[in-house]
Structures are given as C-alpha cells and as structure tokens.
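Visitor: As they're listed, the protein sequences go chains A and B. Residue 180 in my numbering is what sits at position 180 of the first sequence, and the numbering runs on without skipping anything. Plus 248 on top of the position in the second sequence (first one is 1) and you've got my numbering.
No lab work stands behind these hints: they were computed from the structure. Quick reminder that beta carbons are idealized off the backbone N, C-alpha and C, glycines included. Incorrect hints may have been included.
In the PhoX-like style, the derived pairs of lysine-lysine whose C-alpha atoms are separated by at most 20 Å in a straight line are [what the hints assert, rightly or not]: (1) Lys246/A <-> Lys519/B; (2) Lys516/B <-> Lys231/A; (3) Lys219/A <-> Lys231/A; (4) Lys556/B <-> Lys246/A; (5) Lys231/A <-> Lys333/B; (6) Lys216/A <-> Lys519/B; (7) Lys333/B <-> Lys241/A; (8) Lys2/A <-> Lys32/A; (9) Lys219/A <-> Lys20/A; (10) Lys519/B <-> Lys241/A; (11) Lys2/A <-> Lys197/A.
Chain B regions said to be covered by chain A (calculated; three or more residues, Cβ under 8 Å) [stated by the list, open to error]: (12) 516-525; (13) 543-553.
Listed here are the chains, written in short residue letters.
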Amino acid sequence: MKALVAVKRVVDHNVQVHIKPDGSGVETAGVKMSINPFDEIAVEEALRLKERGVVTEIVAVTLGEAVAQDVLRHALAMGADRAVLVEAHGELQPLGVAKLLKAVVEREQPGLILLGKQAIDDDAGQAGQMLAALLGAAQGTFASAVTVQGDEVEVVREVDGGTETVALKLPAVLTADLRLNEPRFVKLPNLMMAKKKPIEQLTADGLGVDAAPRLKRLKVATPPHRAPGVKVNSVAELAQKLREAKVV
Amino acid sequence: MSVLILAEHDGQHLKQATRQAVTAAQAWGLPVHLLLLGADTAAVAGHAAQVAGVARVLRVDAPQFEHPLAEDVAAAIVNLARDYKVVLAGHTAFAKNALPRAAALLDVAMLADVIAITAPATYVRPVYAGNVLATVESSDPIQVLTVRTTAFAAAETGGAAEVVTLAAPAASGLSRWVGETRNVSDRPELATARVVISGGRSLGERFEEVLGPLAQLLNGALGATRAAVDAGFAPNDIQIGQTGTVVAPELYIAAGVSGAAQHLAGMKDSKVIVAINHDPDAAIFQVADYGLVADLFEAVPQLTAALKN
Ligand SMILES: Cc1cc2nc3c(=O)[nH]c(=O)nc-3n(C[C@H](O)[C@H](O)[C@H](O)COP(=O)(O)OP(=O)(O)OC[C@H]3O[C@@H](n4cnc5c(N)ncnc54)[C@H](O)[C@@H]3O)c2cc1C
Ligand SMILES: Nc1ncnc2c1ncn2[C@@H]1O[C@H](COP(=O)(O)O)[C@@H](O)[C@H]1O
Numbered sequence: 001m002k003a004l005v006a007v008k009r010v011v012d013h014n015v016q017v018h019i020k021p022d023g024s025g026v027e028t029a030g031v032k033m034s035i036n037p038f039d040e041i042a043v044e045e046a047l048r049l050k051e052r053g054v055v056t057e058i059v060a061v062t063l064g065e066a067v068a069q070d071v072l073r074h075a076l077a078m079g080a081d082r083a084v085l086v087e088a089h090g091e092l093q094p095l096g097v098a099k100l101l102k103a104v105v106e107r108e109q110p111g112l113i114l115l116g117k118q119a120i121d122d123d124a125g126q127a128g129q130m131l132a133a134l135l136g137a138a139q140g141t142f143a144s145a146v147t148v149q150g151d152e153v154e155v156v157r158e159v160d161g162g163t164e165t166v167a168l169k170l171p172a173v174l175t176a177d178l179r180l181n182e183p184r185f186v187k188l189p190n191l192m193m194a195k196k197k198p199i200e201q202l203t204a205d206g207l208g209v210d211a212a213p214r215l216k217r218l219k220v221a222t223p224p225h226r227a228p229g230v231k232v233n234s235v236a237e238l239a240q241k242l243r244e245a246k247v248v
Numbered sequence: 249m250s251v252l253i254l255a256e257h258d259g260q261h262l263k264q265a266t267r268q269a270v271t272a273a274q275a276w277g278l279p280v281h282l283l284l285l286g287a288d289t290a291a292v293a294g295h296a297a298q299v300a301g302v303a304r305v306l307r308v309d310a311p312q313f314e315h316p317l318a319e320d321v322a323a324a325i326v327n328l329a330r331d332y333k334v335v336l337a338g339h340t341a342f343a344k345n346a347l348p349r350a351a352a353l354l355d356v357a358m359l360a361d362v363i364a365i366t367a368p369a370t371y372v373r374p375v376y377a378g379n380v381l382a383t384v385e386s387s388d389p390i391q392v393l394t395v396r397t398t399a400f401a402a403a404e405t406g407g408a409a410e411v412v413t414l415a416a417p418a419a420s421g422l423s424r425w426v427g428e429t430r431n432v433s434d435r436p437e438l439a440t441a442r443v444v445i446s447g448g449r450s451l452g453e454r455f456e457e458v459l460g461p462l463a464q465l466l467n468g469a470l471g472a473t474r475a476a477v478d479a480g481f482a483p484n485d486i487q488i489g490q491t492g493t494v495v496a497p498e499l500y501i502a503a504g505v506s507g508a509a510q511h512l513a514g515m516k517d518s519k520v521i522v523a524i525n526h527d528p529d530a531a532i533f534q535v536a537d538y539g540l541v542a543d544l545f546e547a548v549p550q551l552t553a554a555l556k557n
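Just chain A, with the same shape it has in the complex (with noise of 0.2 Å):
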C-alpha cells in the first residue's frame, strides 16, 4: 500500500514572529523555515508503517513556492521515497490546499493519506478533513496510534476528556498529534543524500485546480499586551495578594 503525506514549509516553531511594518503580514524573509512539526510527526508514521511491512512506498507532497522543496528534502532524508511539488502562487487556504491533494491523491492512489493536524502558522486545522470529504473519503484526525488491519485502519484520536477510536475503510485520511510519535533525527549524510534525490514538479493550473483564496486577510496585529506583574518575596505575600485581588 501506498502512503501518501502532505509537508507544508512554516515559519520554525522556535522563531518569535513579527509582524511586517505595512500590516499585511507576518514577515518571513530572512526568518528560518522547516517542515511543519505534525507533518513531520505524520512522515515519521508513514515510516513506521514501512517499516512494519504494511506500507510500501511513501511519497511526500508538499504546495507552494519552488523554495518549499525544502521540507520535501527533509522527508526524503527522513526515509521517503519520493518527493512531488506541486508549484502554487500567492496564499494557499485549507480548501485550496484540499483541492490540490485531491488531484495529487486521484495520479498516486494511495491506501493511506497523512497529514498534520494543524499548521503551525494559521492554526487552521481544517486541510485533512477538508480532503476527505472532497475524496468521499473516511477521516481519523488527531491521531495518537495507527493500526493497519485488513481493509479498515484503526485510530486512536485525541479528544475532549479523553480518547477515542475509530475504524475507518481504506483509502482513508489521517491527521497526526502530537504524541503519535516521535519523529526520528535526521542525519548529515542522508541530508546529503537527499539533496540528490529528483523531486517531481507540477503546476496547480497543470492539475487544473482552481486554488484561489476565499478568505481576504484585512490586516494582522499584534495581541494587547499584558501589564508586567510584580515578584512577591514569600509564600504569605503571595498569599495575601491572591486574597486582596479576591481569586481565592
């Protein structure tokens, strides 16, 4: 069975954004980027299930400008098998990003399609289930363990209070937690390796997609920052202040 995982390029969890002088957006210029912390959690399973036979052939997609091939590269060191760009312009939005999986799912026909439960950059977290309905298909989101058998994949979801699980037919979609694993090192060599590896290249128009925005981004600000607070010297100041503030 085929794997297929969607990679999105994102600003790196680690870096303090900032907001562009203009308004229009967060800058991203000279600010590192890396593969989206869940997407890499999803290649990470995808390799897994290679490695326990149930996988075949993993191939990693990611949407966007010609420099996102990085975080393809990254998958490729990480263990897959080959990388595809499907070459899109300007803002991608959830529904676009669904369509153009889509149209990569229907040339791949993949068994499994893995994605991460949210970008870390517009906290969407609407792409995996927005491709499952487009593809008819049955969706496991916030996955914390994957179980292959027989037709059906069994997932383990993270939910309100506790979890859940769900059996769903195959093709089906899944959207990776955090704890459904953690994701292996990458090592210089493979790195290296994977620098040499071809990435296949298409086009949205080439797929005949129509990807554009829905939404219109008005301006971008930044969050009303709290008033700094005071260090208090001993448990009893703390004390007193929680009972003058009268939160106890």
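With chain A held as given, fit chain B with the ligands onto it using these hints.
Guide: Then chain B with the ligands, alone, in the frame of chain A:
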C-alpha cells in the same frame, strides 16, 4: 436566513461551548437554530429549548448518532446548511473534526477559533500560536466557523424555542466507532473552571500529589504543559496551549512551567496569572501578575497551607 449552531451534548445536557456559541451567534441579528444530533435527544432538546436566544431546536435522532462520526455529522449539516447564512459551533474537538468536512462539501472556506465577529463577515482569529491576530473577511455565501469559547459568555436560560424533529441522512458506512476512554475526575471541567492549577514536566510522578491538594482547596481544575503530558505525568486532555485546550479562568497558577509560546497561547487571557518557578528568567514571569521565584515542591504545599487558614 438564519444561523445554525452544531450543538454538543452528553445525551442529557448541552455542553457549555454550545451556549457560548449561542452568544456569538447573536452578532448577526438573525434567528438562531440549534442542530441536535443524537440517538435519543428528547431530554437534551428540552434543555436546549430553554437557552435564551435560540428560536428553534432541530432534533435528528438516529442510531449512528449515539457516537457521532465526522462523516455522518457533516452529512447532517450539509443537508440543512444551504438554507442558512452561518453555520457555527464552539471550537471543541467535536466541531474541529466535523465542521471543516461540512465546509468542504459546501465548497466554502472555514474560520477556526474566531475570537471576535466585527462585521457580518469579518472575523478576528489568532494565528502563529496567538502571537498574531488576523482580521479576515469571507466572501462565501455560507459562513462556517468555530468560536473560541473563552471569548464569549455562555447564554443564559429563559428561552422557549420550538422543537422540530427531522429525519437523518443514511449513515455513511465509511467509519465505525470502536470505543473510548474518558479521563474521569471529580474536579470541575478544565475549559470552564474558575481556577486552573497547571504544572510542567518537572513535577514528574508527583504531579497529582503536589498540585492535587491546591486544586482541591480552590475547587480548580488541573492543567499541564505538553512536556508533562508527553512524559506521561498528566493525561492528554488537560494539555493547555496552541494544540491543547485554551482556558481563561479567574486564576491560573503555573508551577514549574517555562512559559513557551505554545503554552502561553492557551492561558495568557486568564484574569490573574501566578507563576512559581525557580528560574528567575523563565518566560512565564513575563505574563504573570504575581511571580514567585522558588522551588515548587516547597512553595506549592506552603501556598496550599497558607490559603487554608
Ligand atoms: C508544534 C508544537 C506544539 C506545541 N504545543 C504545546 C501546547 O499546546 N502546550 C504546551 O504546553 N506546550 C506545547 N508545545 C511545547 C512547548 O514548546 C514547550 O516545550 C513546553 O510547553 C515546555 O513544557 P514545560 O514548561 O513543562 O517544560 P520545560 O520547558 O522543560 O520547563 C520546565 C520549567 O520548570 C522549572 N522548574 C524545574 N524544576 C523546578 C522546581 N523544582 N521548582 C520550580 N520550577 C522548576 C524550570 O525552571 C523550567 O522553567 C508545543 C511544541 C511544538 C513544537
Ligand atoms: N501548502 C501545503 N503543502 C502541503 N501540505 C499542506 C499545506 N498546507 C497544509 N498542509 C497540510 O494540511 C495540514 C493542516 O493544515 P491547516 O489546515 O492549514 O492547519 C498540515 O499539517 C499539512 O499536512
């Protein structure tokens, strides 16, 4: 045209998040309908009809809704949504699972975790772990969104909505509910607790032993950092942050929490924040109203004792 709210319930009562969505729904000045999906919604429909600001309760009873699956929930929404201007719900795991699927089937965008509705199709939502607030305008004919529950007060009772029973679409058969584990606790629900006591990975195996008595005393809920949950010291459903629960209690006490941006995203709107950390430079102190530089294993029990008197 009206607003349709995807209601969430436990078979008896509506979740608080649904009553918060009812408040958010008033922004459009349109009639508000609640969609109740369940195996038997008779009891909960009675309660739902009493929520002020709700004009109609739509009951859909079917066996597949005993444990609702995203495939079936989305189908039920899509069945109705074309007659609505807005489809919304609180930003809970249930809605995050089903609403994007419904939006895609309707070929419209979705807005997640909206904190303000500033015009009929203009919204403010946090991005980049809450470090940036984006104002976004939608041009779609149906607006699909989830609202951050801490940003809207819960609607009161006092209403008298009409209750209408509708037929369910056939089950999709794509997926099957297998089981669930519920982390039972006699403490208040995290998302709505007045006090939250939260701990980091440094608590180790003593998480409950150290924080439990303080939570007990203040009738608070326990919260945790991702690091504490990953290490198995706290259950997954109490993770607070960008990828966990967002809380805004009256009092948030963070013990041994470093204050990573991803954690702050889930608690920095709390009214009063207390941080206890032995590192004076910990980032958590930048958002704390009261900071105490101390060893938490000594300070937390001392604080519990001091507040008892
Ligand atoms: C994609 C992504 C999503 C994430 N989502 C979340 C999320 O939703 N929620 C979340 O919390 N994190 C999240 N994280 C993780 C986050 O970046 C931090 O790693 C995490 O919050 C740190 O947890 P911590 O404070 O328990 O541990 P640490 O960062 O290790 O900090 C421990 C703190 O405890 C203090 N300490 C140690 N011993 C004592 C003692 N005896 N007394 C007093 N203080 C002591 C130390 O000084 C330190 O400040 C996410 C990360 C990524 C990459
Ligand atoms: N530009 C992209 N290229 C590839 N995958 C993407 C892209 N955008 C989103 N995704 C996938 O969709 C998931 C959810 O994204 P979102 O709905 O934007 O939060 C991500 O974790 C990725 O797996």
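Visitor: Look at each hint and say if it fits the structure.
Guide: How the hints compare with the structure:
Under the criterion of a C-alpha separation no larger than 20 Å, the hint pairing Lys246/A with Lys519/B is consistent with the structure, at around 11 Å. For the hint linking Lys516/B to Lys231/A, the alpha-carbon distance of about 17 Å falls within 20 Å, and the restraint holds. The straight-line distance between the Cα atoms of Lys219/A and Lys231/A is roughly 36 Å, outside the 20 Å bound, and the hint therefore fails. For the suggested pair Lys556/B and Lys246/A, the alpha carbons sit about 15 Å apart, so the restraint of at most 20 Å is met.
In summary, the hint linking Lys231/A to Lys333/B is not supported, as the alpha carbons are separated by about 50 Å, beyond the 20 Å threshold. Under the criterion of a C-alpha separation no larger than 20 Å, the hint pairing Lys216/A with Lys519/B is inconsistent with the structure, at around 32 Å. For the given pair, Lys333/B sits about 48 Å from Lys241/A by alpha-carbon distance, which is inconsistent with the 20 Å threshold. The hinted pair formed by Lys2/A and Lys32/A fails the criterion: a straight-line CA distance of about 32 Å is larger than 20 Å.
Between the alpha carbons of Lys219/A and Lys20/A the distance comes to roughly 10 Å, so the proposed pair stays at or under 20 Å and holds. With a C-alpha separation of about 14 Å, the suggested pair Lys519/B and Lys241/A falls inside the 20 Å cut-off, and the hint holds. Straight-line distance between C-alpha atoms of Lys2/A and Lys197/A comes to about 19 Å, which keeps the hinted pair within the 20 Å bound. A count of 5 residues in the segment 516-525 of chain B with a Cβ less than 8 Å from any Cβ of chain A is obtained; the coverage claim is therefore met, three being the minimum.
Coverage of the segment 543-553 of chain B by chain A holds in this model, with 3 residues showing a Cβ closer than 8 Å to a Cβ of that chain against a need of three.
Taken one by one, the earlier hints fail for this structure at numbers 3, 5, 6, 7 and 8, listed in ascending order.
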